[in-house]
Amino acid sequence: MSRIPAIGLRLVQLLPVLIGITIVTFLLVKLSPGDPVRLMLGDRATEETVAAVRAQLGFDLPLWKQYLSYAGNLLQGDLGQSIRYRLPVLDLILGVMPRTLFLATYVLVLSIPATVILSVVAARHAGKPVDQIIRILSVIGMTIPVFWLGIMLARFLGVELGLFPVSGYGDGFIDHLHHLFLPALSTSVWLVPMLVRNLRASILEQMEADYVVASRAKGLPARYIFGRHILPNSLLPTLNLLGVMIAFLIGGSVIVEIVYAVPGLGGLMIEAVLARDYTVIQGLTLFYALGTVIVTLSVDLISTWIDPRVQL
Amino acid sequence: MNLKRLGRAVGLLAALTLASPAATHAEDIVRIASAYRTTTLDPALSAAAGNIETYGQLYGRLIRRAADGSLEPGLAESWAVSDDGKTVTLKIRDAKFSDGSPITADDVVFSLLRVRDLKESAYSAPLQQLAEAKAGDAQTVILTLKSAFAPFVGNLEVFNTGIVSKKDVETRGEAAFTTTPVTSGPYVVKEWRPNDRLILAANPHYWREGYPKNDGAELIEVVDDNTRVTMMIAGELDAARGVPWSQVADLKGRDGISMPLEPSTVIFMTLLNHSRAPFNDLKVRQAAAHAIDTVAVTKAMTFGYAATANTTLPGAVDFHDKDNPGLGYDVEDAKKLLKESSYDGKPATILITDSAESERLAVLLQAQWAVIGLNAKIEKVDGGVWWERVPGADYDAAPTWWYNETPDPDLAVRWALCGTCGSESYYTKYNNAKVDELTETAARELDPVKRGALYKEIQTISTEEVAQIPLYYPPYANAYGNRIKGLMMTPSLQWTLEETEVVQP
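Protein chains in written order, with my numbering: chain A, 534 to 845; chain B, 16 to 520.
In case anyone wonders, no lab produced these hints; they're calculated from the structure. As the structure is a prediction and not an experimental result, all values here were calculated from the model. Among the hints, erroneous ones may be present.
Only pairs whose alpha carbons sit at most 30 Å apart, straight line, appear in this in silico DSS-like list of lysine-lysine [stated by the list, open to error]: (1) B:K181 x B:K101; (2) B:K205 x B:K228; (3) B:K361 x B:K395; (4) B:K444 x B:K350; (5) B:K314 x B:K350; (6) B:K134 x A:K563; (7) B:K350 x B:K337; (8) A:K598 x B:K134; (9) B:K392 x B:K351; (10) B:K181 x B:K205; (11) B:K395 x A:K563; (12) B:K354 x B:K395; (13) B:K350 x B:K361; (14) B:K392 x A:K563; (15) A:K563 x B:K444.
Please construct the entire structure, taking both the sequences and the accompanying hints into account.
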């Protein structure tokens, strides 16, 4: 069975979505108040200077003309130049992307095993004290504000115990792991409970399913039933949730990035919005859209792999 | 089994996303964190905090300012002002750019005229009096002024008057400043990571023998106040700019961290919109000023680390009138004035940016105005909108701060109090012909005693007329680690980075 045509179709469907996104983000940033030129030049620039730079950047042209020239450049693979930094948007994005991807991957590496272990333990001991404890911890994990947890972890594990750096991302693989541990942990503390609640519920549901009862009746060993039938079948809904979360992590790790001074895509987006750096906002939005599509497509592919009955 | 494969895929992804290798830390690199970003390396293009600090490290200026505030030779080894005060002749020292090429009079003329004339020049005011600049010979520059102008030589020390390479800028154009500019100051750019940090390395051709006293520096952009403090305590920084006042006492008490609280030319005040009701009425402005207990506000905002402001000018500029009694706190008087005024009870809009500090300040103003019956509502917007509405005079009151880039008060007065100098008194539309006239007279007066009297008069008039409501003069809340020695921030917002030694590796 070949999945290529299905994947191709998905990618073609992406085109109108991307065009829509460029139009919406273009209009949103252009029509919202605030002027990137004023922010770039600083307090003391005169109104004449601001006007001169606006004209130089083409901001005095009609909106449709500005959009056409933007879209034209985009077709040639040119995301344009940052208004604020006067550097290519693509360079700015690619400059920080490795950190964000590294952090997101790190979070997954910490979260996935923890999720599976905690969910299995909780589900197998449903209603017992272990399960209650895991559920209470989950609620705590989900409700602690990430920025507060970040500051506390940095002050305690970083400053008092000196175990981890409190900022930056280090040089080289091992150093990255060391520097990004606290950011990854802070994010996982919030992510794991969400996934655990989801996975625990679906394991419990599968444990009651007819085919499981039938397998037990057939005398299959409990361990085999759990590993071969219950777990794989319970994973699908959580996998979909995880997909959404990954897409969210790539764009939404802003708080953790700010608390631990690891400037990534999220920080770039926030700064671009505050500085009204239109081209960077548009470029990043396109990136997020692409990223989200790639992640959901990957999740779907993995789903068909886990459960061949799932169609793309 | 599938899980195992998934695990392997994740591991592979982790291996693939190895971040780009970054510079290894040499031992005597000075690490400074600030919330303000470097957004351009071109000295002509911005007058925003962050860039101001950076320019000083990259581009040498003709004049330097000594620790005591006096002027001393920079790239100009000597200078002479003609008797009529209209011609300044500077002798350029034998110095080189970071690429090894000589710094000539042509480069100086080019750099100064660029700041004065470039359409996108963010701040040409310091050089507005310059009529003509020409090279006498390779090492002599002759500057002709429109008229005698007392602050002119001092203005050659302002952050955007640094010398750039004419040849490089003409050859590379805009690209000359996007990655590795040719510099004339103590440092060159080793690597610029926009939105993250600027990594500086010592300029081997810097004219001052034996400077900089370190191998380089990292200007790290850390927007969160708490994170800077945590990094400082954890020893990941040598200096942190802008420690929140609430944490100053804690940091001061820690071993290995000092907070000298250097004087700054920063002034916190609230703008008032003179072009519409209610603050177009002098009595409402005076009532609003008398209603505010500035001593208490200073204490509440800065834990008493700042001085209470008494005039419309920053406390650290020359000729600041220390004897001016200020507007005074008098609720009864304020109530009376408000009653006599044209105020109709409509709430005034306090426009602030989205920061905890401005919000606290706005709430304090609102509460104290409420006591005398002056209603106000707080409107919170982001920096982009604030900078659209304030220049457009679409606000009533706007608590904020500004600073003066040089000790001479001329630029400060032009910026904040002069109605015809471009910014219409920091967009308050305060316009007093007498103040405007005094501004020009004071700038042309070469006798310091007479100048002092003129600035005193400007402060008296503008404070009495409540051009703005002065609140407090904060020092810099910078923290320094004991790994380094010799780093401080000058009142002109410049780090003394080249003097900084790393004493503990």
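So, going through the hints one by one against the coordinates:
Between B:K181 and B:K101 the CA atoms are separated by roughly 26 Å; this keeps the pair inside 30 Å, and the hint holds. For the suggested pair B:K205 and B:K228, the alpha carbons sit about 17 Å apart, so the restraint of at most 30 Å is met. Distance hint between B:K361 and B:K395 is fulfilled; the C-alpha atoms sit about 19 Å from each other, no more than 30 Å. Using a Cα cut-off of 30 Å, the hinted pair B:K444 and B:K350 holds, with the two alpha carbons roughly 25 Å apart.
Between B:K314 and B:K350, the direct Cα distance comes to roughly 24 Å. Compliance with the 30 Å bound is thereby established for this hinted pair. For the given pair, B:K134 sits about 24 Å from A:K563 by alpha-carbon distance, which is consistent with the 30 Å threshold. For the hint pairing B:K350 with B:K337, the CA-to-CA distance comes to about 28 Å; that is within 30 Å, so the pair holds. At roughly 24 Å between alpha-carbon atoms, A:K598 and B:K134 fall within 30 Å of each other, so this suggested pair holds.
Straight-line distance between C-alpha atoms of B:K392 and B:K351 comes to about 22 Å, which keeps the hinted pair within the 30 Å bound. Restraint check for B:K181 and B:K205: the C-alpha separation of about 21 Å stays at or below 30 Å, so the hint holds. As the CA atoms of B:K395 and A:K563 are separated by approximately 21 Å, the hinted pair is consistent with the 30 Å bound. In summary, the hint linking B:K354 to B:K395 is supported, as the alpha carbons are separated by about 29 Å, within the 30 Å threshold.
Of the supplied pair hints, the one linking B:K350 and B:K361 holds, its CA atoms being roughly 16 Å apart against a limit of 30 Å. At most 30 Å may separate the alpha-carbon atoms for a hinted pair to count; B:K392 and A:K563 meet this at roughly 28 Å. Distance restraint check for A:K563 and B:K444: the Cα-Cα separation of roughly 29 Å lies within the 30 Å cut-off, and the hinted pair is therefore satisfied.
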